[in-house]
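Chemist: In case you want the letters, here they are:
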Amino acid sequence: MNREGAEVTTVAGAESSDIVRNLTRWTRLLRYDTLRMISNADSGHPGGCMSMAEILTCLYFEVMRVDPRRPDWADRDRFILSKGHGAPILYAALARKGFFPVEELKSLRKIGSFLHGHPDISAPGVDMTTGCLGQGLSAGVGMALAGRHDRRDYRVFVVIGCGEMNEGQLWEGAASASHFHLDQITVVLDYNKLQFDGAVDEVCAPGDVRGRWQSLGWNVLEIDGHDIPQILGSLRQANECRGKPTIIIAHTIKGKGVDFMENAFLWHSLMDNGLLTKYVERMQHELNSDPDRFYAQCLW
Amino acid sequence: MASTLKGEKTIPTRHAYGETLVELGKLNDRVVVFEADISKSTQTYRFAEAFPDRFFNVGVAEQNMMAMAAGAAICGKIAFVSTYAVFGSMRACEQMRTSVAYPKLNVNIAVSHAGLTAYDDGVTHQAIEDLGIVRSIPNMTVVQPCDAPSTRKAVMAAAKIDGPVYLRLTRIGMPILYDAGPDFEIGKAIRLRRGNDVTIVAIGDMVFQALDAAEQLAIEGIGVDLLDMHTIKPLDQEALLESVMRTGAVVTAEDHNVVGGLGSAVAETLGEHRPTPMTRIGLQDTFAESGAYDDLLRHYGMDARHIIEAARKVMGRKK
Amino acid sequence: MLREKEHDIEKLHEIARQLRIDSLRMIHRAGGGHPGGSLSAADLVTALYFHEMNLCPQEPDWPDRDRFIMSKGHGCPVLYAALARLGYFDRSHLETLRKFGSILQGHPDMRKTPGLDSTSGSLGQGLSVGLGMALMGLRDQKPYRVFVMLGCGELDEGQIWEAAMSGAKFRVANLTAIVDYNRLQLDGTNDQVMPLEPLDDKWRSFGWNALRIDGHDMRAILDALHRAAAHDQGPTVIIAKTIKGKGVSFMEDQLNWHGVAPSTEQLEIALAELDP
Ligand SMILES: Cc1ncc(C[n+]2csc(CCOP(=O)(O)OP(=O)(O)O)c2C)c(N)n1
Ligand SMILES: [Mg+2]
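Listed in order, the protein sequences are those of chains H, W and A.
Numbering that gives the first Met the number 0 puts the first residue of the first sequence at 0, with every later residue one more than the last.
Numbering that gives the first Met the number 0 puts the first residue of the second sequence at 0, with every later residue one more than the last.
Numbering that gives the first Met the number 0 puts the first residue of the third sequence at 0, with every later residue one more than the last.
Please keep in mind that the hints were generated in silico from the structure rather than gathered at the bench.
Each hint should be verified, as a subset may be incorrect.
[Said to hold, decoys possible] Here are some chain A residues pointing at chain H (derived, C-beta under 8 Å):
1. Met164
2. Ala167
3. Lys168
For glycine and all other residues, C-beta sits at the position ideal for the given N, C-alpha and C.
Here chain H stands alone, though its shape is the one from the complex (with noise of 0.2 Å):
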């Protein structure tokens, strides 16, 4: 592949048929933990949750070095949540990973709950707190600076969302990483073409969103977010840039997984739970009675 942009098309074969099959699994129990979450709390942002799951899983379950009982480990990778509204699935993630009972998941945005409506940094396995867009990459910045200069060799995942693109800070956080050489950031733009108001062509367009990074100097990739071999292919190919950051432009659906959910821009909130509600009781039924019995134990 080469690093000056040609896209990463295919890097299927590369991943053993079991690890993708296990990966897919917990995409679908993550979906279920965040829109379960969510309309148990009346209140969240569902569509760039669905958006980002197989990357969160693929995160998690696949690349990130973490230990769930040690989340304070100063050797772990880091992970930044710079679209901090999609909190939920990020908790999921850290529950089903084991970083806290899978139980505190029902205590979201409920008060005394460290689960806030945002990630804080106070919650086991969170590292940075996040909610006010733009903010997460500079933060990530200094991660790494600090790892290189205490010789710690841990990565810095940062998930941006294409709406914070607006954010007059991300690129300075942008121009900051490439000119530290900071090779141990990844960036991952969940590229769903939404933001709040509607869609980011027509709110605020980010043009050429690969020019743009490459011309600040960051190795950039492409790729399907959805399709998992890509999303681990391309991760591993950032892992292995040497020399600049890496940005993987992720191409996502919002609310990818749920019919109604998908590309609707007034799903980015909560838009009427009740119908939520319903899909998240058939969802739960479809599960239970999944022959792989692997989601009936994972119910809650």
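Dock chains W and A with the ligands against chain H, hints included.
Modeler: Same frame as chain H, now just chains W and A with the ligands:
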């Protein structure tokens, strides 16, 4: 959601803002509106539908939005910028200070999700410092109306003020208080009850907690002088001093940190003109957390019960 | 009355030379200010104020005037010199730069100085302000253009790129940004502090028409300004390569002349070079 609602019809003040903008747009074609990708939330989508050629959505770029509005105001427009209070007052703070307030431009910064009214979105979206920040900027007028009718009047008045106005709005619904009530005027506190035992000065959503408290105190025979201090800058010093002259004790109530906001503004005035025993109700210099609005008010000592206790205590400190 | 446009290249050079002299005198007298960035921008400011822009100095608030924003507000001495020369205020005010009670503040204050279109000094904001103005011009179908002078270090500010993105979205063809690309900022070169290249690609990726010129070549400057005017698809940025401290040998390309006033002796040497 607020404990005083008791099934009444409520309206988030941001809705009143969004509706009034449309009215204003009809009256005056110099009104332009800037938005940063949350028009459904700030309710500016109504203006966008009515006047698409006077509505500018800049995407998630609050700093740019603030300074663009300055440019429009320099060209003679009456500009409104809308976002959440956290981003309007802090993300774009210096733009507001240097490009808007310093040249004293007619840019009205209307911000939703004030204080704990952002409830379960959590700390990132709860602005509890904004009053302190914007109040310290010269040329600013700072207003938080408590209900929809007074919000409507505040929006209309803000457009007429030749200089920036910071308008703080709620995410959650507020009961209607001023349907037939007194006239709303920026800079003039509204007396909601007359009493001679203790003064309660409240702002925004806390006016309803204070009303509750005053009612219950009245049953105990304690007369509350209750002021809705919707304009925290310029503060209505006259009304405040007249009241404490009679009562000799004050409680302030705000959905904000007690540092820098209403409590501080009142303390500054009293300290200079008439030192008076006082207690500040609000967040006690702490961040809150996600949760239901009522639960948060109770947990952080800001509901009517805490105001009542504070009133009793502060009366005991009278000279 | 519209001020007459100067077309003669030699005369424009002469004006630029005078603006440089005035800037240094002002900064010396004030005992503070930014000579380096005033001198690098002198030719660009001259081209705008004495050739390109539609202005009416007798009526500073003329609604149809072209607008100029010195987003790199610390470069204001050269702008003040230009405004004085055009008659917006009396030249005697130049001696009061940065003094108590002066109409000429250390950084531009539109409420105090006749002819100023904006208040600036905090880097990164001017392009947004100019965008707001340009957008209103389009909306109100006004003929004016808006010019924004940016520093190269200023491009580190994320807000510039917020404005760049919006400028492309709103297709403000009446907006022209000019980067005074002297390759120095406060702490060092752009490359040391925060690299900018490939700068024209970067602007293009944000949807702008990008031109690169020598910012001391008057003919090239005029040509670029005309090309910007002719481009009707969206905003244009003119990346003008300049030399910080241009015109004074000991100041040229010198980091330490960013923000200090020349001493009396230094001023004399500088003036001797500029006015032989
Ligand atoms: C600084 C800031 N401004 C505004 C918001 C409100 N907001 C939350 S989500 C969102 C849209 C984000 O779109 P995108 O980044 O594309 O997220 P995704 O589509 O992946 O959910 C906005 C404007 C915020 N959280 N932070
Ligand atoms: Mg998106």
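Chemist: Hint check: is the beta carbon of Ala167 (chain A) less than 8 Å from a beta carbon of chain H?
Modeler: Hint holds; Ala167 (chain A) Cβ to chain H Cβ min 6 Å, cut 8 Å.
Chemist: Minimum Cβ distance from Lys168 (chain A) to chain H below 8 Å?
Modeler: Check passed: Cβ of Lys168 (chain A) comes within 5 Å of chain H, closer than 8 Å.
Chemist: How about Met164 (chain A): closest beta carbon in chain H under 8 Å, or not?
Modeler: Hint holds; Met164 (chain A) Cβ to chain H Cβ min 6 Å, cut 8 Å.
In this structure, none of the earlier numbered hints is contradicted; all agree with it.
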